[in-house]
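625 is the number of the first residue of the sequence shown in this note's numbering; add one for each residue after it.
Hints in this document: simulated from the structure, not taken from any laboratory. For clarity, every value in this text was computed on a predicted model and none was experimentally measured. Ideal Cβ placement from N, Cα and C applies to all residues, glycine included. Don't take every hint at face value.
As the list claims (entries may be wrong) - In the DSSO-like style, the derived pairs of lysine-lysine whose C-alpha atoms are separated by at most 27 Å in a straight line are:
{"no.": "1", "residue 1": "Lys825", "residue 2": "Lys953"}
{"no.": "2", "residue 1": "Lys1030", "residue 2": "Lys948"}
{"no.": "3", "residue 1": "Lys806", "residue 2": "Lys877"}
{"no.": "4", "residue 1": "Lys951", "residue 2": "Lys649"}
As the list claims (entries may be wrong) - So the derived label-pair ranges between C-beta atoms look like this:
{"no.": "5", "residue 1": "Arg689", "residue 2": "Lys1030", "range": "30 to 38 Å"}
{"no.": "6", "residue 1": "Lys1006", "residue 2": "Glu841", "range": "39 to 47 Å"}
{"no.": "7", "residue 1": "Pro685", "residue 2": "Asp929", "range": "30 to 38 Å"}
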Amino acid sequence: MSKVLVIGCGNVGSVGLHKMAQHPKTFSEIHMVGRTIKKCENVRDSIKEKTNGKVNLQIHPGNVRDNAFFSELIKKIQPALIINFGSTYDDLVVMDACLEHNVNYIDTACYEDPEKYGFSYELQLAKNEEFQKKNLLAIVGAGFDPGVTNIFSAYARDYLFDSIDTIDILDCNGGSKNEEIKFAPNFDPEMNLRELILPIKFWKDGAWQKRGRLIDEDAVFFDFDFPETGVFTPYLMYHEELETIPTHIPELKRARFWMTFSKSYLTYLRILYEVGLVRIDTIDYNGTAVIPVRFLKMLLPKAEDFNKTYIGKTNIGNIISGTKDGKKKVIYIYNVCDHAEAFKETGGNAVGYTAAVPAVVCAKLMLEGQWHGTGVKNAEDKLLDSKIFLEELAKNGLGWSVQTLKDLPEALKKDY
625 MSKVLVIGCG NVGSVGLHKM AQHPKTFSEI HMVGRTIKKC ENVRDSIKEK
675 TNGKVNLQIH PGNVRDNAFF SELIKKIQPA LIINFGSTYD DLVVMDACLE
725 HNVNYIDTAC YEDPEKYGFS YELQLAKNEE FQKKNLLAIV GAGFDPGVTN
775 IFSAYARDYL FDSIDTIDIL DCNGGSKNEE IKFAPNFDPE MNLRELILPI
825 KFWKDGAWQK RGRLIDEDAV FFDFDFPETG VFTPYLMYHE ELETIPTHIP
875 ELKRARFWMT FSKSYLTYLR ILYEVGLVRI DTIDYNGTAV IPVRFLKMLL
925 PKAEDFNKTY IGKTNIGNII SGTKDGKKKV IYIYNVCDHA EAFKETGGNA
975 VGYTAAVPAV VCAKLMLEGQ WHGTGVKNAE DKLLDSKIFL EELAKNGLGW
1025 SVQTLKDLPE ALKKDY
């Protein structure tokens, strides 16, 4: 029985809150802080309806960047855990508040500086000793990718292989929005677009290798038949789990990340970049300070504009090669999630569902004492049992499969 304070009630936060409400014995008192009162009320009312009035979400309108407000709120609630489903810009602020008030912490993606392109766990992991001294646990990057993809890697390391050579993470959204939606990023448009224009890099033989950008005309891609989802085209790109997995699997020779895109999506992305709408610097428009990517965010469709009609499935997983008992071994471990089913259960889509549910599972394991320890940890840390997590994940709507492959797919044998 624990009090939990949740930050954010967008597509991811809403799913997370709905899932926590399904476990009232663990999450006995759920508090939410959000900037948009109407969104908070909608989520509260939906949860109340789905639980027949048994769970009443407590709303606290406000901004966690308002230090006085947030500090007083934590003192008032005295939560055992804070989960940040909101902006990654706020990760460090929330972690500092957790240290000040002796609260455990979880987020779904690593910190980003709003004034700089790129992302890194460096500043979060630097707080490891502070959390240890306070006897607190912080789990960072506990969504699906990052998060479950890290844990798939850890599960392979701990239970399926003696030694791992390569990891290729494949993220496919095989969903279709209604025809009126011409272009819409899969999650927060500002964060998504900032990520997609970054230089590509991957891990090979103990060093980072660079390979252009996703928006380049010669970007690397191949076609792949995703189980239960269909044939789609994954492109090589940089993603944050690549930053930490090699640390936890030191013998790893190569780690890469791939995500599917349509040609039309990449055309839109190139144009938005070329005309300056993905810029993050402040410009002056008739005396008004405007940040282009945030202006664009306000114009683009939101998840609530298409969730009801979103169909199809996502497939996210790892193709891993290595050795077991002296023999070469290749596996494909993955999850498939249905957009329509996610909406029916939580009002969110499969992208939000796959990001939120793992964090809820982490929280459940932490509060029930099945995951324990101190410090700041990534999800693949040996301190956190991957098998226990994956068993609980399957019980909470995200099943997973392991296929043994004869060999790596031809496209993944290549060095690009």
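Right, here's what the structure says about each hint:
1. Lys825 to Lys953: With a Cα-Cα distance of about 26 Å, the restraint between Lys825 and Lys953 holds, given a limit of 27 Å.
2. Lys1030 to Lys948: The hint holds at about 14 Å.
3. Lys806 to Lys877: 40 Å, violated
4. Lys951 to Lys649: 46 Å, violated
5. Arg689 to Lys1030: 30 to 38 Å: 52 Å, violated
6. Lys1006 to Glu841: 39 to 47 Å: Because 42 Å falls inside the window, the suggested range holds.
7. Pro685 to Asp929: 30 to 38 Å: 23 Å, violated
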